[in-house]
Structures are given as C-alpha cells and as structure tokens.
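Novice: What follows is the residue order along each chain.
Number of protein chains: 4
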Amino acid sequence: MAGNSIGQLFRLTTFGESHGIALGCIIDGVPPGLLLNEVDLQKDLDRRRPGFSFYTSKRCEYDKIKILSGVFNGVTTGTSIGLIIKNNDYRSEDYINIKNIFRPGHADYTYKKKYGIYDYRGGGRSSARETTMRVSAGAIAKKYLKEKLNIKIYGCITQIGHIKCKIKNLTAAEKNPFFCPDPNKINKLHNFLKTIKKEGDSIGAKITIIVKNIPIGIGEPVFDRLDADLAHAIMSINAVKGIEIGDGFNAINLKGSQTRDELTNNGFKTNHAGGVLGGISNGQYIILNIAIKATTSIQKPIKTLNYDGNETIITTKGRHDCCAGIRAVPIAEAMTAIVLMDHYLRYRGQCFDVINNT
Amino acid sequence: MAGNSIGQLFRLTTFGESHGIALGCIIDGVPPGLLLNEVDLQKDLDRRRPGFSFYTSKRCEYDKIKILSGVFNGVTTGTSIGLIIKNNDYRSEDYINIKNIFRPGHADYTYKKKYGIYDYRGGGRSSARETTMRVSAGAIAKKYLKEKLNIKIYGCITQIGHIKCKIKNLTAAEKNPFFCPDPNKINKLHNFLKTIKKEGDSIGAKITIIVKNIPIGIGEPVFDRLDADLAHAIMSINAVKGIEIGDGFNAINLKGSQTRDELTNNGFKTNHAGGVLGGISNGQYIILNIAIKATTSIQKPIKTLNYDGNETIITTKGRHDCCAGIRAVPIAEAMTAIVLMDHYLRYRGQCFDVINNT
Amino acid sequence: MAGNSIGQLFRLTTFGESHGIALGCIIDGVPPGLLLNEVDLQKDLDRRRPGFSFYTSKRCEYDKIKILSGVFNGVTTGTSIGLIIKNNDYRSEDYINIKNIFRPGHADYTYKKKYGIYDYRGGGRSSARETTMRVSAGAIAKKYLKEKLNIKIYGCITQIGHIKCKIKNLTAAEKNPFFCPDPNKINKLHNFLKTIKKEGDSIGAKITIIVKNIPIGIGEPVFDRLDADLAHAIMSINAVKGIEIGDGFNAINLKGSQTRDELTNNGFKTNHAGGVLGGISNGQYIILNIAIKATTSIQKPIKTLNYDGNETIITTKGRHDCCAGIRAVPIAEAMTAIVLMDHYLRYRGQCFDVINNT
Amino acid sequence: MAGNSIGQLFRLTTFGESHGIALGCIIDGVPPGLLLNEVDLQKDLDRRRPGFSFYTSKRCEYDKIKILSGVFNGVTTGTSIGLIIKNNDYRSEDYINIKNIFRPGHADYTYKKKYGIYDYRGGGRSSARETTMRVSAGAIAKKYLKEKLNIKIYGCITQIGHIKCKIKNLTAAEKNPFFCPDPNKINKLHNFLKTIKKEGDSIGAKITIIVKNIPIGIGEPVFDRLDADLAHAIMSINAVKGIEIGDGFNAINLKGSQTRDELTNNGFKTNHAGGVLGGISNGQYIILNIAIKATTSIQKPIKTLNYDGNETIITTKGRHDCCAGIRAVPIAEAMTAIVLMDHYLRYRGQCFDVINNT
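Residue numbers (the working numbering), protein chains in the order written: chain A, 8 to 365; chain B, 8 to 365; chain C, 8 to 365; chain D, 8 to 365.
Incorrect hints may have been included.
Copies of the same chain look alike in the list, so a pair counts if it works inside one copy or between any two.
[Said to hold, decoys possible] DSS-like cross-link-like pairs, simulated, lysine-lysine; straight-line CA separation at most 27 Å:
| # | residue 1 | residue 2 |
| --- | --- | --- |
| 1 | Lys310 | Lys155 |
| 2 | Lys71 | Lys307 |
| 3 | Lys307 | Lys276 |
| 4 | Lys93 | Lys73 |
| 5 | Lys205 | Lys182 |
| 6 | Lys159 | Lys119 |
| 7 | Lys159 | Lys219 |
Think of the hints as simulated: they come from the structure by calculation, not from any bench. Keep in mind it's a predicted model, so treat the numbers as computed, not measured.
Produce the entire structure from the sequences given, and follow the hints as far as they go.
Specialist: If you want it as structure tokens, here you go:
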C-alpha cells in the first residue's frame, strides 16, 4: 500500500505540500451520529500552531480548517470526511537560495534520491505542516472516544534539553506555552529556550502521553498490538527518534520480580506495563514517552552537498521553532487518538458478542 | 484487518498456540527465483531456540521447520509459502495448577477479558513460541536481501541489567551464548545471570540492530516510514518496551547543531539519524536500540487474582529464560528483515522507472 | 498486498499446490465463542469433493481437514485458525509428459511467463484443489452467520449447457449429484453429461446463489460495496467468466419503471435489485448468477506450444470433471459466506452505536 | 477497512456528496516523473459530464477539476495527489419534497437504515457525482499506462434496450453522443432514446471495455486475480448489475473443446478467455461486458414509504439521464485503468527480477 494512510477501520489519508495550494485529508470510517463542526477541529489545530508562542515558529500560518463532506446537519453520516486547509502565508522566496542544496538533517536528500524529483519549497511533502491533518483527524477521534467512552488523552512536555519536568498537574500543562505539567519549571524553560534561540540553535524534547479510562480489550495480537500500532503512529511523526511504553528503556535494569504488576482486588498495584499486556489494553493508564530531536533548520552554517554533488555551505533562514518538541505535543496526542479509535472499532467488530454479553 | 499479519507486498501471517498441535505461517509475496530450503530457515531458528544455552529456557522444543508450498525444485515460485512446526515437547501439566489464575505480567488477563476464553496452556497464542514463525519468515527475507542487495542485518546484546557491552566485534556476537559483541564482558554476563537464576528471578536487556548496505530510497512517507514500520514490527515482539533509532532518547539532550549529519563528498560525516531521513533510508547504517523487559514467569511467588476475582498466590513453575532478551536477538533481526523486504518490494513497485533510469 | 488473502476483518489466506505436501490456510478474525470442530468443515468439503459422483472427477482425494489452532475446548478463541489438508492421492506421473507444454485454457502459460518458474504438476498453485481452503473457511463463516443471525446461503445449478433448471426446491438441490433444484431435470442432465463424457469433452454451467435473512445495512460504499466484494470473491474462483446480481444482464432490456422495486408496508414488492441497494444489503434475498466455463482439461487433442516456443499437440489424461460447475457450487457458497462474514464484522465495527440503539 | 478506497499500490480514496461543498480524492502511489496537468483529467471528465448531450442529464454541473498536491513543475513527485471539484450548480430545492421519502431503486433506504442518518440532497454520498473522482484518477492511470506501456483502454456502448451495436469502429465511438461503435445504429439509438425520454422513463445499457497491449503477467492469484479485481472495481460503479470477461455467460453453453484458446506460433488463435488465464493477463485483449440498469429516477410516479413507515407516492423531478449507461462508459474505462495500474505496480514489486532478466 502506498504510505499516506494510517488505520484500518478508522483510516486517515493525507495529501499536501508545505507551499502547495492546500493540504487536506480524508477520514474514512467515522461512525455515524457524532456531533461535529469545524470548531472541534480548530481547537487542537490552534494548539499546534506556530506563532502560538515565542518559542515556536513565528510563521503566521492561520490553519483554518474546512469540513467538505461527511457531516450533515452538524452530525457525521458514516461517509468519508474530507478536510482542507488552504496555504496562504508561505514565503517560497525563503527557499529559492537553497533549491538545489540538500539541507542536512532534512528529508531533501532521501526524497530527491528516491523519487528523482523534490518540491524543495518549505520541505514540500516532508514538512511538518502535513501534521495539521493528523491533528484534525485526531480531534475527531478524541471527541468520539471522550463522548462515548470517557477516554481522555493528555500530552505534555517532560523534558527539554537537560531540564526535566515532573507530571504534577496535567491540566496546568494546557495553560503555559511549553505544555509543561510542572509549574515550577516554566521560568527555567523560558530562560533556557531564550538562550538556545539567541545562539541560533535548537534543542530536543521529551513528550509524555497519558491515556485514561481506556476499556480492557483494545488491541489485536500478534502484530497489530496496541503498543506496536502506537509505536508505528508515533514514530511516523517528524523528528521522533524513540518511543517507550511503561517502563521503557528502564526495563533493561529491572528484574522480573520488579516489573510484573501485582493484581489485587483493587486492581493492579503498579503500572510497569504502561497499560498494555500482550498487546491488549488492561484498563490501566496507557503511558508513552517520546523522544523528539532538535530541529535541524537552524541559523548556524553547515557544510553540505548540492544536487550536482559539490560541497557547499548552507544556513537556514526561514522561520523555525527552537524546540519542535513543543508543537509536537498535540500531534502525538492526535496519533494516539487515531490508533485508539481504529482499534476500538476493530475490537467492536470482532468481539461484539463478548461486549454485548457482559 | 485482524492482527495476525504484517507487511503489504511481503506479508507474513501466523497461527498457532504454545501447546496446540502445530504452529505455522504463510508468507505471501516472496519473489520467484530464490533458492530456498529448510536448512536456510533452521539456522536462524536454532539461534533463537531455548536450550541453546544455560541462560535460556531448558525446554527442549526442537523447532523443526517444514516448507509445505511455494518452493519447486528448490526454488521459490512466487506463490505463497506455507511453513509448519509441530509441537511435540509441551508439558501442559505444568500449567494445570494455574488454569484459572491470571499470571501477573502476562497476557492471560487481557486475552481472557477481551475474548471471554483463553488457552492458558503455556500462554496459548501469546506465547513467545509464536516467534518461530517470525524467525522463519525473517530468514527468507534476510536471504533475499543478502543475495540480491548484499544487505546484512546484525543483532547483538548491548546491555543486560546494569552491564553494558560495547559493539567491538559483530561477528564475535555469534560465537557466545549471549550474542555479546564485547568479548571482555562475557564472563561478567555469565556470573550475573547465574546469580539472577539462583534467585529465581529474571532480568531485562537491550538489543542493538545494525543494518549495512541498505540502498537509498527505502520507506514510504508519510505514515509508512521505514522507521515507523520498524518501530511497529519491533514493538510487536513480546516483552519489548522501547525502541530507538539513531540518537534515540539521547536526542532530547542534543542541540540541532549537534544532531544534523553533515553531508560531504565522502558521504555523511556522522549518523545521528540512524540511517533514515524523512522516513526513507539514506544509505547509512540503520541503527536500532530495543528495550526488553525481564520475563515475569519467575519462581518468586506473587499475589494475583483467579478467574472468579478472588486473590491468590502464584508461582510459575515451567521452564523459563532468566533473560528473555537473549533469545529475542534473532527475532528482532527477523522483524527488521521482514520490514526491509516489504519496503524494498514497495519501493520497486512505485519507483521502478527511477531505479531503471539510474 | 500479495494476492493470497481475502477479507479485512474476517480474513482468509491460503497456500498449497495440487501435488505439494499439503494445502492450508489461516483464517484471521473469527469471533471468539463459536463452537467449532472438524466435522463442521468436513461436511462442506465432502460436497465439493471429486469422486462425489459419476460426473465429477474420479480422483479419490480424501480431503481430510485438520484444525491446528484457534480452537480451545471446542470453542473458537478469537486467535487465528490454522487449517491443513495433506496431499496423499496425487499421481504426478500423469503430468510428466506435459511438463514443458502449455495446456490451452489453463494458467500454465501465464504463471510461467510471470514468475519464470511453474510447478506444472496438477496445475500447481492454480489447481482447483486450492478451493478446499475456501470451502473450509466458508464453512466457519456459514456456521457463524447461521447461528447468530439465521442467515442461510443456498447454492444450486440452474443451467448446464443448454439445459435450464428452475429453482423449484432448494433443499432438493442437496439430494442429487448435480445440485439441481428442479427434480424433473435430473434425468435430462444425467443423459446429457453422459454424452459429453463419452465425447471426451466438457461443458459449462450456471450457478445461482440465494441468501436469506440477511440484515439491512451490510456493505461499505463506495468501493467495498457488498455486490462489488461478492463479484470479486466469486470471480476469483477458477473458471468463473461472469457474475450477475438481481436482474443482471437482463437489466439492459428493462426500463426504469420496470426495475425499481416498489416499497410498501409489506416490504419490497419485487427484487430486481437482488438484495443490494447502493452497495448495502436491503434485507431482501441476495440473488447471484454465476457463469462457469467448461474445463479445458479434456481428452480431445489440441495444438499448443512447449516452453521452447515450438508447436506440439496435447491431450489431457488425468482425471477431470466433465462439468466443473457442479463442484463449484459449494465453493461459490463459501465465497459468498466469507464476504458476508467480513462485511458483517465491519458493519458491527462502524455502526455499533446504530445497531445498539435500535 | 472503511470502504472509500480502492487499490493497493495505486490507491484511490474519495469523499464528497452530491450537494456538499466539494468532492475530492487522494491518489496515492502515482509513480514520480509523470507529466501531469489538469487538462489531462478534464478531458475524461468532460466525456462523462451531464449536459454533454441531449440523452444525458441536463444538469449543468461544470466539473472543473483542481490538482492540489503531488505535482511539482508539471511533473508528479511520487507523493499523494489531492484533487478537488467544487459543487456550484446544485439545486437542493429539487429534493426538499422528498426529504423524508425513500426513492425506490435508490440507496436512500439502505443508507438511512445503516447509518441512522442520510443526506438526501441529490443522493448525497450515493450520487453518481462521486464518479468524477474515479474518472480523474483513471485519467492519471490511463496516461501512465499509455505513455510507459502503450496500453490503450477503449469503452463503448454495445447495447441500449433491445438495440445491439457491433464493435465496428472503436474510435468512431468517441465521436457520437452514445459512445456507439456502430455508426449505422446511431439514428436508431437517437429515436429510441427520444421515445424513452418522452415517456418519462429510462432504459438499461451494455458497455464493452477492450484493453490492448497489456503485457503478460499482470494479476495476483489466487484472490487478487486481475479478472476478480476488475469485477470488483466495475461492480462498485452505481447501477452495474453484471460483469463478464471473455465468453461470459455464453460460456455456460460452450464445450471445453470450444472454449480453450489454441496456442500457436502466431500466438493465441481465439480469445474466449478475454485476456486473462488463471487470473493473470496473457497478452491478448482484455474484453469485459457490463450490464447497467436503467436509472430509477424517472418521472413516473411509484408507491413507496416515508421515514415514518407510511406509504406515499413519489415522482422524481430533478434532471436525470434517460440512459445512465452512456455516461458510465468513461467511468468503466477509469475503473479498468485504476485496476490495471495498481496491478502493474504490484507486478513490478514482486517480479522485478523476472522483468529485468527478460
């Protein structure tokens, strides 16, 4: 299958380049009967928007989403939903100077070699702007999951560079420009990012996703496990370099007697598993950690090659984030929602009799 | 789609329970013309086999693989390949005592709740024995990739508990029971695992996968990126809790000026990306790190629930690994091979004209 | 995707050649909780078996099916079901003389040209023996659909050569070797086929499938319509050259005022649609007609080419049906059941809320 | 998988309702390097357009197609192509009177029962207007197949009502409003349709598709056979009630000695198979016949039910074709092209080595 789709029963397919006419997507498999309008989608889009704060890109792309189909009288009809965002504020002239030069750390090199042709303007198809469609589809999934099952998906920043943030208050994470769940660290992050920006550099970040109220039974072994599909969806986000569930890489250091979660009359006593056992949700919180690399579009010059194979020096102008991880929070939430929604529909399909008997 | 398949053009579908009559699989999409016999598969199966060493399970399951179709006169025909391994040496009586009890850290709980019924014997479908089929399919992929493209896939253990092993010698990793690429650490690992075993406990491990000679252009953005599909495939292995590519979680600490790989006349100067840019292979080594949790089938008793919801104490008898990560090395290699093979076929399908023009 | 699978949520993947070691399949997505044993499958296998009557091939292949996984204590567990039939009674020597010769009307030519290699023995992968797996998977689907929804699938022969049979008695069709629903025609068919056989020739046939008690709502527009997926499944059977639903080709001659089915308080007044409107079942009988060509393995000599491109004469020996359409009846029923089952699960997945609200 | 997609490597996903804001689609898997602009698509769209002639609907919907992505400097880039057509000329008021009434022969009844909600305006999602996207995607496939492989796909009308047209001149079919390949029949068709129109009625039609220059080897047994996938694609078009390949339903009457195509030094002597053997193209013309029912939107009143289950009388006003089969010609060509393109890419993926060795 060509690679621009994700999901089976709840299926997102996207199109669009950074500086093309428009970006769009089709979401197939949305159950009928869900109240839905553009405001539902815009809320999450605004959270990922550059220009949202000082620390994310100043590019004033106003991601105004339009629903083109699949909703009738404010309610989903069960048919495919088409969404579109027009591209207005692109400055392709920022990219003219680099049109024949590979930007290190970007997809320029691999797209050009693979396809023989590459839309260099703003990263073309490989631009993070494509994630507007993920966020929009995720907003639909989130809304359904919340209204029907009370499932809640929280994303926050738990580390930027060397600064770690504890998860003290998940709702507070929504009220600061860093999605930081640790109010004491906000000043520190502010100062750190100011320095990074002044240096013309950028920095990596860690995102944590927590899902609450997930029913038991979501996930299809042996390959389409819930954790495996989450790993796929998360790793498909630009700049993600690692994904953990539950104990993650700390599991290497732990003994079996430390990692198994005791089961009592009051439920599980711990959550080393991170909410998934054998690829199936166990009713506990799903906990994911995600590593985001620093943007490589920075103002510091670096050696590279042009299309003819000659060495040259490149400096990215444009408007770019100094910590792309921040904007990636709603994207990671969206991908989580898409996977959960898809698996929930699959679960209903196969286990209808079990669900209706209990 | 039901969850027992992986891949699009090169597609593996598996069946079988730990203590059932047999395990088997169908591999669809193997290109015609590949020399193939059972010895090709058995080699890798023997590497994952319990009983292979003191540190892995003593269960003497002789995984004798049989090719049932798709090969004619020793050559693949392009039709689907059926494989089977009969189950001979199972001791279901080991499991009689725990037939109505959920084993903490296992899939018992989630399978039972999801499906309403669960084959408890040896973990049933959730048993690691299912991975024999992954290893077999992987062996076919590995053979094709090596013979046609000289792609080589290496797996090794780079950490067990607190003991870290450097990658000093990849071929040496094949010659010790730990897949350890650092000959100096073999004794240390030996003693450490002996202690763990004596305690009736188990321990986590870290696996590193390195792929050499991968051509540029493999991977399908934006969702079926090579790294995303590798994350999916690896995370679908039992007990995997984390996956990294290139810098992985260390990317959180790095600046953009540190992570972008400079491109020179002599190729890339560094490999922070881990061989993938924008979801497409860039010709560098692909480097993956994998976190494996400790087996939770250990001899230390733990509180749990039975099917009726009452608390009880469980102690796993059976024969189990004290470090499951060791046996997971050939499995992780196999999953890597399956993903690469699938993506290579997809790449040929879409980019045939580009390939044949260069 | 490689081509040996069918279905999305209820998914059949098959392997095996006519004269290989075994044929088998994996059925993924069978809901848990269905009582199932080998007798359930064997019944339908026996209906398609050659040797079943004088008019079908004498080859005494005893298709003994074995369930290898996915059933525990006589009940499906929701995991993938592996099935196998060993090949015992093949006489490859029948094929030695024609090993380098293309049999006109067979797949020999296209398989050899496509794959560069071809298992010529008994048609290899292109043999109708592969349909044993379709019939087995179909038996599971039929059983589920009947037990849970009272859906009944009837297949019968409505024409052989110039002899047309009316559907007078569907259950009578089970009690004669022609699946003929018109008891008055049995003698006529008997004599006609005796003549065909004596000539060393073969003849085409028409199959009609009728499905009763199908709920409203099955089918996924706009591409995976129920009728479209039925057409796909039926046309994937060897020797099928045409498929109709409802009015079929007679619709060409009819006016709009004649084809629309009036809707009254007592339901639809007619069934020109054949049970499907806009790709979705409307609760009426589903009615399909299927054209099956005559077997081309006949004893009359014909000119052809050998692998070297030289002309030669071929006469098929072996044991072959003089009317393959007869044996195709249970196969067509099976493919119908597989499609209905798959779509029913998909319907439950997406429309769970609608189903549970009514 | 939700049902609004078709194809594996070349994949079309559509959205949009008849009277919504816009219709659109995403075509994923278009190989890079194809010259493509909107005129390429518009040509085929104009052929299917209502208002194209007296005999098709007068609705002056000007289907102006816009390419939103996937093309850079006039060349496809290998990324997903987004297409859109805005809806301007809809007259929803035509439908106000029937908003709670099921139109017999339409999808109203099944959509409403399945999804619980239905956009009744112009048939909503079930409108034939959705086929604009099929035609557009088909135009891309046709262009690629023609430029790279010289494959040519011809569609024509071979019967309307009782009037049969011989295929005398395929290019002449393009030059009359009936796609009629038999110049002598044009007047007869003209008069017949005038009568039908005057009666306020409509009539069925038969389409024939002929594909020339198809290479040997396209098609994936055993389920995704070329003929099976063509049957699926064609049957997914509104109003199609039957599909034949080669001999089709006439095969019922033929003996094996009559249907097998003799293979000589000069190629096949006949083409009973219709270009496909064992599901794989054999290099001969692919020949398909398609039965299209008469539109049921006619001016003659009929009894039906409203949403409350009460009987009522309905008369379709609106602007409708008196022979929908005519407009379906370019749609059937498009679906044929989409299937061939998809299978050609799959063939290249799996059989790359065979192709490059010959």
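Novice: Determine for every hint whether it applies to the structure shown.
Specialist: Right, here's what the structure says about each hint:
no.	hint	in the structure
1	Lys310 - Lys155	neither (53 Å within a copy, 34 Å between copies)
2	Lys71 - Lys307	neither (33 Å within a copy, 46 Å between copies)
3	Lys307 - Lys276	between (50 Å within a copy, 17 Å between copies)
4	Lys93 - Lys73	both (9 Å within a copy, 13 Å between copies)
5	Lys205 - Lys182	within (25 Å within a copy, 52 Å between copies)
6	Lys159 - Lys119	between (40 Å within a copy, 25 Å between copies)
7	Lys159 - Lys219	within (5 Å within a copy, 42 Å between copies)
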